[in-house]
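Chains as they are written, first to last, in the numbering used here: chain A, 1 to 308; chain R, 1 to 308; chain H, 1 to 308; chain E, 1 to 308.
Since the hints were made in silico from the structure, they are not lab data.
Possibly wrong hints are sitting among the right ones.
The list cannot tell twin chains apart, which means a pair is met if one copy fits it or any two copies do.
[As the list claims (entries may be wrong)] Below, a list of computed lysine-lysine pairs in the DSS-like style, where the Cα atoms sit at most 30 angstroms apart: (1) Lys231 - Lys255; (2) Lys276 - Lys224; (3) Lys231 - Lys276.
4 protein chains.
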Amino acid sequence: MNDNQTPIIIDTDPGIDDAVALAAALYSKELDIKLITTVAGNVSLEKVTYNTLRLLQFFKKEIPVAAGAAQPLIKEPIDASNVHGETGMDGYDFPEPNENLLLKEHAVNAMYKTILQSNKPITLVPIGPLTNIALLIRLYPEVKTNIKEIVLMGGSTTRGNSGVMAEFNIHADPEAASIVFNSGVPIVMVGLDVGWKALVYPEDSEKLKTLNETGHMIYHLFQKYRGGSMKTGLKMYDSCAIAYLLCPEMFTTQKAYVGIELNGSLSKGCTVTDLKGYLNMPSNATVCLDIDEKLFKGWFLDSLQKCN
Amino acid sequence: MNDNQTPIIIDTDPGIDDAVALAAALYSKELDIKLITTVAGNVSLEKVTYNTLRLLQFFKKEIPVAAGAAQPLIKEPIDASNVHGETGMDGYDFPEPNENLLLKEHAVNAMYKTILQSNKPITLVPIGPLTNIALLIRLYPEVKTNIKEIVLMGGSTTRGNSGVMAEFNIHADPEAASIVFNSGVPIVMVGLDVGWKALVYPEDSEKLKTLNETGHMIYHLFQKYRGGSMKTGLKMYDSCAIAYLLCPEMFTTQKAYVGIELNGSLSKGCTVTDLKGYLNMPSNATVCLDIDEKLFKGWFLDSLQKCN
Amino acid sequence: MNDNQTPIIIDTDPGIDDAVALAAALYSKELDIKLITTVAGNVSLEKVTYNTLRLLQFFKKEIPVAAGAAQPLIKEPIDASNVHGETGMDGYDFPEPNENLLLKEHAVNAMYKTILQSNKPITLVPIGPLTNIALLIRLYPEVKTNIKEIVLMGGSTTRGNSGVMAEFNIHADPEAASIVFNSGVPIVMVGLDVGWKALVYPEDSEKLKTLNETGHMIYHLFQKYRGGSMKTGLKMYDSCAIAYLLCPEMFTTQKAYVGIELNGSLSKGCTVTDLKGYLNMPSNATVCLDIDEKLFKGWFLDSLQKCN
Amino acid sequence: MNDNQTPIIIDTDPGIDDAVALAAALYSKELDIKLITTVAGNVSLEKVTYNTLRLLQFFKKEIPVAAGAAQPLIKEPIDASNVHGETGMDGYDFPEPNENLLLKEHAVNAMYKTILQSNKPITLVPIGPLTNIALLIRLYPEVKTNIKEIVLMGGSTTRGNSGVMAEFNIHADPEAASIVFNSGVPIVMVGLDVGWKALVYPEDSEKLKTLNETGHMIYHLFQKYRGGSMKTGLKMYDSCAIAYLLCPEMFTTQKAYVGIELNGSLSKGCTVTDLKGYLNMPSNATVCLDIDEKLFKGWFLDSLQKCN
Ligand SMILES: [Ca+2]
Ligand SMILES: [Ca+2]
Ligand SMILES: [Ca+2]
Ligand SMILES: [Ca+2]
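Take these sequences, add in the hints, and give me the full structure.
Here is the structure:
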């Protein structure tokens with residue numbers, strides 16, 4: 001790691017969306033990925049861990065991986081298999097993984113050690129449900145002093161994409177989200193408000209096809225995933241969290257209190273984002289409200305061009 | 001009533017916003033206002049009833065008035081006195097009311113009789129909390145067969161204006177709203193999505209000042225109410241419900257299921273509007289999603305011009 | 001009414017349990033039953049109203065009856081048809097009712113008039129779900145000044161008999177119960193704590209068989225209702241409310257705050273009875289904790305002996 | 001360990017009640033205590049860990065201790081300092097602890113290793129809030145196959161002793177309790193139903209005073225703790241869990257489904273124990289409903305007599 005790099009841990013549940021975000025992160029010179037942890041979300045823990053290892057093999061990157069939580073803290077798991085296909089990354093013939101990268105210890109213990117051993121405060125980048133991060137905070141509250149911030153993909157200031165009022169990553173484990181947002185660690189919430197504008201269109205996907213091997217791979221995942229519905233734009237939710245790390249100036253943000261609705265019968269998992277101060281609570285998050293769509297598109301294609 | 005008129009009952013809690021909506025309704029040739037009922041909301045029941053009677057005296061209209069619920073069904077009342085001033089209609093010197101217009105019976109009984117006696121199905125137009133309408137439906141479910149629809153001002157498909165996720169009229173009495181939305185009566189939800197675009201600017205207000213006596217009165221209420229903050233536009237929420245009755249073509253709508261969050265600790269009173277079908281429920285409302293702002297402005301000024 | 005009589009309104013959902021309680025009340029010289037109102041509960045509103053009128057015909061008593069709420073305020077109705085049989089009073093061939101006793105107005109309006117017209121404050125005796133009483137309080141809060149107290153059958157300080165933690169009458173309409181308990185009117189809660197000890201055994205039932213016509217009728221209802229399970233004792237829940245009116249000295253009571261759980265996913269409808277003061281709330285009810293079983297049995301048989 | 005011993009892990013928050021239970025367990029020949037873990041509850045984590053180590057020094061027992069969770073999973077901690085005094089074990093001058101017994105690792109990791117390394121399935125005996133056990137189950141679900149059962153002190157089938165409807169250990173961390181009860185591991189719930197009958201009276205305490213050093217120590221804790229209120233009996237809640245391990249025949253039990261109320265505004269933390277089958281759920285616990293008070297008293301005094 002050189003001094004200008006940001007040391008991060010990515011907590012992920014690939015999934016295509018995560019695969020693209022990982023590509024952008026793995027080839028960024030500004031980021032030093034110390035550890036990748038996996039969490040059940042888009043598909044099962046077994047599958048997301050296997051997918052993570054397959055991606056690292058594809059990218060020829062040697063980063064330690066640790067498997068984490070197989071289910072949410074309290075809530076029953078959401079079954080998202082109809083959305084994400086059999087493996088979560090259908091449509092491309094990945095190489096078999098190097099199992100040596102998989103640590104023998106639990107993601108939470110691996111994060112704990114990585115954080116405590118780092119000279120520089122670590123940035124956590126969860127782009128799946130927040131189960132691992134919540135367990136980390138409850139098991140080892142002492143890590144909080146060496147976490148710089150948590151830049152997470154999740155939440156929404158308006159409607160959701162999983163429940164009516166809930167975004168998937170928060171909806172999948174609301175109690176974990178509540179622990180994280182109330183932890184006192186600085187939070188950046190990169191949610192649907194920007195994800196809905198971080199779009200890849202068919203013409204972008206065509207460019208990827210011949211860009212390089214990574215572009216080729218992603219093109220095929222996109223085709224399989226949503227060949228038909230791509231016209232209205234594929235939303236690159238998870239990549240927005242990486243984009244925030246690298247180009248925060250693309251984003252319009254506001255500090256606000258974000259409470260997680262844990263009791264609602266219809267709105268459980270809603271990120272109640274108090275932009276107007278109705279709740280009289282101190283702010284606990286920097287909330288991304290808008291993104292410069294054109295800048296994002298440029299950054300996105302540039303990032304994938306570096307992947308080779 | 002002539003055959004082309006729509007017979008309606010307005011349930012209201014004036015409030016300036018209600019005063020403007022009443023002006024637009026009272027002078028419309030297309031509407032036949034059979035009854036005006038009052039409900040605690042912006043200010044107390046006593047005050048909203050007094051304000052309603054003062055408005056009718058000002059407008060020289062003889063429409064029966066019946067006072068209704070003094071508090072919400074279950075929830076503690078919201079204290080909105082800081083928003084609406086001492087009387088709810090400060091800033092203009094209204095004539096004293098004609099108390100003869102005030103019926104001796106409860107709003108719910110007056111609605112019941114008016115609905116059952118009408119040859120033509122009645123449209124209910126609640127522009128305050130839904131307490132009276134809920135009591136009507138529970139006490140006299142037989143009225144449902146002679147209600148054409150309920151065109152209500154309330155709710156939001158995104159954030160709120162009272163709680164973080166709740167609009168004032170629904171937030172003020174969520175259980176009543178739940179009874180109304182689940183009643184089986186056709187509902188039109190005219191909420192914040194359109195109210196936020198139904199704006200009156202200082203230049204519009206100046207026009208009102210010399211338009212006619214009504215314009216003069218409204219100008220003074222606006223000045224007193226929000227003289228300072230008018231620059232970003234005063235939102236004519238309640239008038240939107242009247243606009244929908246008269247010019248539904250100004251509105252973009254979608255049929256959807258609207259559930260009222262009754263259990264949330266942070267999102268109680270949220271109108272969970274399932275535009276994407278997450279809940280697999282049959283639609284119970286026509287939800288106004290957008291309004292043509294220019295058409296609204298034209299309609300609004302035209303409507304007030306007729307008030308003389 | 002003579003000066004020593006207590007003027008009461010009984011709100012009921014017969015049901016056998018209610019039938020027995022009505023018998024005890026109707027022949028008591030100490031009670032002046034001004035009105036009987038009906039509410040959906042054990043069986044549908046139509047059936048409980050029909051049953052009430054059939055009972056009055058059987059007893060040859062001319063007391064006005066008014067039908068009330070056909071469903072709970074907010075909650076879906078509990079289907080208790082498996083418990084109470086087809087009519088709610090199967091097993092005896094009742095005379096057809098005198099429909100003239102049935103008022104044309106809603107129970108809530110009838111209660112309103114009865115209460116306001118009474119020289120002496122009225123005692124309400126609800127022995128079904130509290131829907132009517134809640135509607136009365138919300139529609140006509142002014143009646144509260146002429147209500148002496150509400151002696152209700154409902155609730156429990158421990159477990160329930162409908163949900164795990166909820167007694168049937170409260171479970172059937174928790175929001176109505178919440179309105180009633182928070183109304184400020186003095187409440188006497190006669191619940192399962194005493195109902196479980198107010199038992200009729202087979203030998204008691206045999207005595208009834210030949211006691212008089214009323215005993216004969218009740219015997220047959222018991223036989224049909226629970227011929228098999230009578231050995232462990234039939235619980236005379238509703239009669240306990242009448243017993244409290246007439247012989248409060250049979251009961252051990254404590255003043256306490258009773259909150260109604262409205263939000264619980266497993267304990268909705270629980271009467272959270274704060275006997276130890278955990279909630280630091282002022283008491284809102286006199287809670288019956290125990291009953292002298294022997295005195296009750298004596299009172300019960302005496303009461304039915306007077307029915308002829 | 002000999003073959004007849006039951007290998008157990010005690011998870012505890014001393015507290016006097018825990019101190020007495022630990023005494024009974026530590027000198028039992030039938031139990032093999034592999035590990036003692038600590039959890040915030042009666043007093044802070046720091047204090048309960050210090051108290052545990054002081055007790056082991058007092059008893060001259062060398063059992064590894066691991067400190068666990070410093071706060072509940074989701075809920076704010078209950079402040080019970082007014083009940084348990086400054087240290088949680090005031091009134092006796094304990095020796096300073098042997099800090100070597102304190103493991104460097106988290107209670108959850110220590111439990112994990114102890115369970116996986118055991119030849120014989122382990123019995124967990126939590127006598128504090130269930131935070132550690134819940135974290136263990138979520139972090140290492142694989143331990144479940146080598147846990148024989150969880151015999152826990154907590155819950156109630158009726159009223160509570162912390163909230164109106166909630167027992168302290170469950171009330172302190174309801175979400176953790178929910179994880180444990182829904183884990184699929186066999187649960188024995190030793191709660192208030194028996195704790196309220198496991199009483200020590202002044203005459204018993206006097207016997208302890210001169211019984212042996214342990215009795216002397218406990219006598220002084222009792223005197224300091226509740227010298228005044230001892231007349232109605234001190235409740236030996238936690239000792240009941242040890243008693244169940246050693247003499248289950250003292251207890252009357254029933255298998256039932258126990259749900260933990262997580263949403264109630266008044267009954268959060270209630271152990272909704274479905275003895276009658278209202279919820280149609282498969283049973284997840286053996287619930288202690290009654291205890292033979294005389295047998296318990298005998299066992300209790302015998303157990304303390306062995307402590308020397
Ligand atoms: Ca993801
Ligand atoms: Ca209004
Ligand atoms: Ca009844
Ligand atoms: Ca304990």
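Results of checking the hints against the structure:
In this assembly of identical chains, Lys231 and Lys255 lie within 30 angstroms of each other by CA distance solely across copies; the values are 25 angstroms between and 34 angstroms within a copy. Proximity of Lys276 and Lys224 under a CA criterion of 30 angstroms is satisfied inter-copy only: 23 angstroms between copies versus 42 angstroms inside one chain copy. In this homomeric assembly, Lys231 and Lys276 come within 30 angstroms of each other (Cα to Cα) only across copies, at 18 angstroms, whereas the closest approach inside a single copy is 35 angstroms.
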